[in-house]
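Student: Letter by letter, the chains look like this.
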Amino acid sequence: DTAVSQTPKYLVTQMGNDKSIKCEQNLGHDTMYWYKQDSKKFLKIMFSYNNKELIINETVPNRFSPKSPDKAHLNLHINSLELGDSAVYFCASSPRTKNTGELFFGEGSRLTVL
Amino acid sequence: GNSVTQMEGPVTLSEEAFLTINCTYTATGYPSLFWYVQYPGEGLQLLLKATKADDKGSNKGFEATYRKETTSFHLEKGSVQVSDSAVYFCALITRPGNQGGKLIFGQGTELSVKP
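Keeping their order, the protein sequence lines are chains Z and S. Under this note's numbering, residues 1 to 114 are what the first sequence spells out, in order. Under this note's numbering, residues 1 to 115 are what the second sequence spells out, in order.
Heads up, a few of these hints could be off.
Derived lysine-lysine pairs resembling DSS-like cross-links, with alpha carbons at most 27 Å apart [what the hints assert, rightly or not]: (1) LYS9/Z x LYS52/S; (2) LYS40/Z x LYS114/S; (3) LYS44/Z x LYS114/S; (4) LYS52/S x LYS40/Z; (5) LYS9/Z x LYS71/Z.
Don't read these hints as lab results, they were simulated from the structure.
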């Protein structure tokens, strides 16, 4: 069983479209995250949720909207996609309410905006 | 601000060579330090960690020591294998134990091990 699973794994779309990436974890963790990895492999946190509550919201454009229907799911919706949104998006979860830095990552969703 | 700097890659080594990947950090307070590894086509996995000065983290033959005086957390392995080929990320967390603590990554160092 995959601990942190993301869908889709690959997404190719046109500029201006709206798309969503889904994430589910079956580890019973309280905290979930979205990270963005650019073409140079640099990773940056976007959001974190603890038990459906937004905890961290980095300076991410409003076009990005996370949604957590329950503590096992954290989805990422992106409106009006731009070329610069092309990246690999990683979902992660953490086993403790208080963040110790030990994260479990999904395999990533590669988004290509044409 | 808080940041992590790693040595530039890619690093190419022959099997059984000694590996060092340098990592230095800038942080306020007392961060916890980590090395994560990303194998091709996969997500990141925690490799090892250290939570206070002079702690040594170790796993799978890899080691790193938390050096507060030099603000460093260099990754070492005595004898690398082809299966160690991956991208290695040094990271720190600000305010460990706090919900708002963020895991901040270095830029990653790609390691390629040749048979």
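Student: Does each hint fit the structure? Answer for all of them.
Tutor: A quick look at each hint next to the structure:
1. LYS9/Z x LYS52/S: Between LYS9/Z and LYS52/S the Cα gap is close to 37 Å, so the pair fails against 27 Å, i.e. violated.
2. LYS40/Z x LYS114/S: 22 Å, holds
3. LYS44/Z x LYS114/S: Distance of about 30 Å is beyond 27 Å: violated.
4. LYS52/S x LYS40/Z: With a Cα-Cα distance of about 30 Å, the restraint between LYS52/S and LYS40/Z is violated, given a limit of 27 Å.
5. LYS9/Z x LYS71/Z: 21 Å, holds
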